[in-house]
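Trainee: Next come the chains, spelled out residue by residue.
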Amino acid sequence: MAALSEPEVAADLRRGPVAGFGRWLFAPLPLARVAVVRALVYLFIPFDLLVYTGWGLAKEGVPTGLYVPLRLDRLLPFIPDPTTAVVQGTFWLLLVASVVAASGRLPRLLGWLVFALYLEWMLIAMSYGKVDHDRFGFIVALAVLPTVGAARHGDLRLSERAGWALRMVQLGVIATYFFAAWAKLRYGGLEWLWGTTLTWAILRRGTDLGRTLLELPWLLRASQFFIVAFELSSPIIFFVPERVRRWLVAYFFAFHAATYAAITISFAPHLVAMTSFLPLEHIRPLHRAGRAWQRRRRGDGPRSGLGSPADP
Amino acid sequence: MDVRQGGRVARLVATIAVMVGVVVSNQWGSDDDFPFAPFKMYSTSRELDEPVGDTQVWGIDAAGQEWRLTQEATGIRRAEYEGQIPRFLDDPELLELVAEAYAARHPSREAIDEVSIVVEWHELEDGVVTGDRWVEEVVTWRR
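Keeping their order, the protein sequence lines are chains A and B.
Heads up: the first sequence at position 74 corresponds to 74 in the numbering used here, and the numbers run straight through without jumps.
Heads up: the second sequence at position 13 corresponds to 325 in the numbering used here, and the numbers run straight through without jumps.
It is worth saying that the hints were derived from the structure and are not from the lab.
Please note that a few of the clues may not be correct.
[To be verified] EDC-like, lysine to aspartate or glutamate: derived pairs with alpha carbons at most 20 Å apart:
| no. | chain 1 | residue 1 | chain 2 | residue 2 |
| --- | --- | --- | --- | --- |
| 1 | A | 130 | B | 384 |
| 2 | A | 130 | A | 81 |
| 3 | A | 130 | B | 402 |
| 4 | A | 130 | A | 60 |
Isolated chain B, as found in the complex (with noise of 0.2 Å):
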């Protein structure tokens, strides 16, 4: 089964389109490119002696109760409350929104009046966990 040469030029043209993407991607470009984004899963390097963050999202409740606002209470993953940081320095403001999908999966609990991301840093000492850890806290929203 032949490809006729229309298709064979078009598919050729497709294949070096790809490959030129993929490689001026991973040079140059970042995530905004997806799906052409770079392979960047896990690239950044550490220091043996620099700490390590635990990024956390807490909720407070207009009872005063703490909630941890993992990805099953808002529906908003760890990773992705890490790369809006900026957004949120920037506007804390928006952590309202992660309260407004805290409720909409939520209805019936009582409404998130104060979020709050910090990072739990774990120490470490040539690579090896020393069991020291101390909390920072990156930015705050309350109503």
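Next up, chain A with everything else stripped away, as it sits in the complex (with noise of 0.2 Å):
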């Protein structure tokens, strides 16, 4: 944990919970792990273009009366109307800025290059009567991940820069969860737990399985239930032991395997802002194939656990 300078010391009179929260958002964490989820966001800015978000590119031809501009569109003069070539220009600048971010080099110029050329992309696709939130953790990230600057895989140092970047990416995607319950109930009011929403989503897109569940309406209610109770007692990641924490997130990815397979919606981005929780800095699979690799070659035998037996 990083000292406070004497003048910060000095200058902090307001101790309890104000101090303590600004301890909490400023908690070193490795810059490896910021190296990992670095790599894990850009490199899914490829795979948002051209799988997951692969309608985005569609707009491209489709007629510009089709937009309606967001706020933000309309707060910012610059942002042109979607045009073919500025569809396809954006499509093809932001595929390639995010490949050459993912390597981490020039992390503030190409991340600050990647956060506005995604949000143009997001202007795009999402100004056509259709507003997704499946990623604000994500759109968190390219935000806060230009401003720690440098961070090189395996590069266990602590750093307040890396702390205060992650953290913030963990708070997006609580956010998204305790919020959605908050959404639940502002919008639906408490007869959404015992209404028929789960039974709507699966007859507009449901799987095989998840229409076997139609089947079952006193699972989907009890479903109802209990999503709400774990979007709303979500914030308590922040409160439990490290070893806990791991088993909560392995849970929520189980919660959207299992949505996924009912009905096939994944909330990708979401959940690769979530890997901002997990020790990453410690899973090198390259750097630990690389130097069993080398240890083959030199005649070594393996290390106990590691690499494939040594050829005779």
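Each of the two chains sits in its own frame; use the hints to bring them together as a complex.
Mentor: What follows is the structure, encoded as structure tokens:
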């Protein structure tokens, strides 16, 4: 835990919750974790452009008369209408910039560029009558990752910049869950809990597996109670020990896997942002594979538990 | 690696701004406030006996053939059609743009002369699908 400098301690007259919040917000984390999250976030973008939000590129052929600018678009005077050239240009620039950014090079310059291009891509995609709600944490990640600067894989030095950035992404992820429950109560009222929203979702886009659940309306009703309960209680992830936190993250992933199996909604950008909770700095498959290969080349035996047996 | 005082203040301000933005938009905002749109996915509640609607967009070309205008056909998602229904009801001529989107993706096919948005309703009883359905025409444009 990084110590506050003397002037900061002297200036901080308010102890207790405010200072505690500050320490929590800036709790240092290894730079290597940012390196991994950064790679995952930036490498998700080509997948997003080509597959997950693949319908976005299809907007190049949709007349701009069907484009209804969002508030952010109306506030920023320089956002162009999504003509074919604008859609294609944004697509290709974003594709190239995100792949280069994933290498970790020029983290601030490329980071800000990717953030700006992705935001424009979102303004294009979300302005035809439907706004998706699965990427707030992801967009926060794109906004904060450039503030960390250089972060190398394997660099376990603790950094407040890394800590703050990852904490913001975590807050974005949990805000998505917590306020999703808030929205259910705001738009749906308490009746949402025992209503037919899940039935409706399965009828609209259910898989065969999802449709079997239509035979079990009591299960769907119980699931609705359960969903609101876990969404409202999600901030608890900030107060539990590290070991429990990993189980909570695994649980969230399992929930989304089940949702995908039933109604093919995966919340993929949100899942990528959720990796900000995990101690990814220890996962270095390429590094380990490289070291194992080098040992085999030198004729050393494998280290126990790692790599495959040496050739005879 | 400490963050210097200036950086600390800037980050703290950003954190508070984002948190306030999320709370304000989730309580009073709408989809228009993206990326701070309220997280209202699947948030509307439905009655156990309320029918469930499946919005469909159909096109008829010059040869009289009917085409289901899916996302692949036009590049427009079903939820986007639904979101723009108020605009289409106000000005059905806008559906001609849907025909144009179809033509852009299928230049070798016959042009679409009629676009129709319909809703196929499924009857529900106690939250269970009864099998009864009917089709409601919402808005149609003809060339």
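Trainee: Compare the structure with each hint and give your call.
Mentor: Now for the hints, and whether the structure bears them out:
no.: 1; hint: A:130 to B:384; in the structure: holds (17 Å)
no.: 2; hint: A:130 to A:81; in the structure: holds (17 Å)
no.: 3; hint: A:130 to B:402; in the structure: holds (18 Å)
no.: 4; hint: A:130 to A:60; in the structure: holds (17 Å)
Consistency with the previously given hints is maintained throughout, with no hint failing.
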